[in-house]
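2 protein chains.
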Amino acid sequence: MVLRAGTRLRAAVVGTGLIGGSVLLRLHAVGLDVTGWDPDEQTRGQARLAGVPMAERLTEAVAGRDVVFLGGPLPTLPATLVEVAAATAEDCLITDVGSTKAELAAFAADRGLTNRFVPGHPMAGTDRAGLAAALPDLFSGAAWVLCPAPDGLAAFRRLVTLITDVFAARVVPMAADRHDAVVALASHVPHVLAGALAGAAHRSPLRDAVLTLAAGSFRDGTRVAGTPPHRTGNMLRGNRDQVLAALDQVTAFLDELAGALRSDDADALTARCAEAGAARAELAGRPYDQQVRSFPADAEPAEVAWLHGVGAAGGHLSGCGAVAGGVSYLAHLPRV
Amino acid sequence: MVLRAGTRLRAAVVGTGLIGGSVLLRLHAVGLDVTGWDPDEQTRGQARLAGVPMAERLTEAVAGRDVVFLGGPLPTLPATLVEVAAATAEDCLITDVGSTKAELAAFAADRGLTNRFVPGHPMAGTDRAGLAAALPDLFSGAAWVLCPAPDGLAAFRRLVTLITDVFAARVVPMAADRHDAVVALASHVPHVLAGALAGAAHRSPLRDAVLTLAAGSFRDGTRVAGTPPHRTGNMLRGNRDQVLAALDQVTAFLDELAGALRSDDADALTARCAEAGAARAELAGRPYDQQVRSFPADAEPAEVAWLHGVGAAGGHLSGCGAVAGGVSYLAHLPRV
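First to last, the sequence lines map onto chains A and B. Heads up, the first sequence is in UniProt numbering, so the first residue is 1 and it goes up one at a time. Heads up, the second sequence is in UniProt numbering, so the first residue is 1 and it goes up one at a time.
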């Protein structure tokens, strides 16, 4: 439940760039009691100008809060998590919005924080940066990954409700390492390919003519190469092994395409293009079936296994609620 | 001049799929006397339903016309050019809308057609196919490459006027082989990369989860993988050597990105991402300077050399007109 009996939920957002800032703006827009903090003084000033409360110090922002969202650059998240956990009560829920999950999840487990820290990743963004680019509706309809732990299911369920209610996002439950493998292919490698295409064009002696003739395929294929370079670098380095593995899969397919072209094998070339087209067709629209599933309070392993299965199957949650002695989820699974 | 003294220009479009069909719809929409033809009976019926005249036979469509646009699949264009040239008068201008130019330009030169055939390529499209996807405004503001030949400048100038007046396109003058090298990087390799990303996702055991988490970077990076496979295959095979060479440049940059990531070299990774970002920044908006340039009637080599220079510099033409004893062009060149 978002609201505690008789009181407004008290939230904080620490690190208010593009993603954290969009979380902050949304929490504020729906009327929650929310305070932000960012290490950058100018960012704090911008938020206050927009009428959003900002604390001068991190500890002031998070003290007494029910839920804290951690934003900011990936490499800063472990230290921020420790600081926020120390400055808040045991029943304060903490989550983050970083683009990789396995390292931070392992770090939280080492520190004994899995009962109240739920790793998270809202899958939305723009190629711009900073609070000035933040949008309260950025996550509407987007996938928002949350990583449930067997000893953190109470926290996970509270977050599912908060994120579906407040952000209108699709919650995708997923194990942290599975998330990292999936986003390597779904997001990180696309950034690498966009960078390779834009970089090669930039270096080419034909650059000026290439930019003039660039139509939809080049513009779309290089769009995320406009992302701030440090942010892309941090994202890739935070998921290095998975990105390199996914890149191997993509270059293997690329080699097949190039091989078919080199040997002028029209049938093989068309077949590979058709295979690629199948993924696009599925992306354009898959039908979903609804499923309601309940678990008693003491079936944590079964609940986590089912949640992981929902995410692995390409499904998502649109809500959860307390039922007598347990929990009930509303899931949406691709029709098979 | 589009109009001959006292009469409407008589145009034909042969092969009315997505691109040829969009040319046909535009010529019809602006009130020219235009007739289309397509080998597909259903396509002819669709066009007639839209009120556009369609002939039953190619020769009927092109007989007595002032200008003929050749559309349809790339491999069919040489034979269609021969057929159209035989069925039209010596003063009938012919151009095509195919996505590669060197082969067809060489073919036309072998047949002695350079005085009235001007190779062309409008740089616009969608990932859909056929006349049903055609749009009369598809080329508005788009780059439209035309390849001028020293003995075909009269035809080239007539086409510049027609295309800037009727289609509101930016005419980019370019040698045929230069065009093919440029579009390899600006359009063909982006299709290969999109195919490799979509194909690898389709084959991945994580496919369902990848499609669920796919946000902007994956959607944009794979969009043109939804292009009909035969069309992509024909396009790549029609420009094989240039595509493979451009792909080598892109994979070289890709290797640098992957190498920096593998060795966890943050500075190198950020530097490569910044280099890629520079191309995006230039794409977002370059300032142009206008230039008016005139040539006498007998300075063909100088005129062609200047035109090629405009295209190579990333410039374009917005019109041309007859001046005493010669021609005058209005060019737009990126400010240096």
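These are calculated hints, taken from the structure and not from any lab test. From a predicted model like this one, the values you see are computed outputs, not experimental measurements. Certain hints may be false.
[Unchecked claim] Restraint-style ranges between C-beta atoms, simulated for each label pair: (1) A:D110 to B:D137: 54 to 64 Å; (2) A:Y288 to B:H230: 39 to 49 Å; (3) B:G285 to A:A50: 44 to 54 Å; (4) B:E41 to A:G130: 50 to 60 Å; (5) A:D241 to B:E41: 30 to 40 Å; (6) B:G285 to A:G45: 23 to 33 Å.
[As the list claims (entries may be wrong)] Some chain B residues close to chain A (C-beta under 10 Å, calculated; not the full set): (7) Q42; (8) R207; (9) L213; (10) D264.
[Unchecked claim] If you want the footprint, here are the derived chain A segments under chain B, 3+ residues with CB under 8 Å: (11) 274–286; (12) 292–306.
No residue lacks a Cβ here, since even glycine has one placed at the ideal position from N, Cα and C.
Contradicted hints - numbers only: 2, 3, 5, 7, 12
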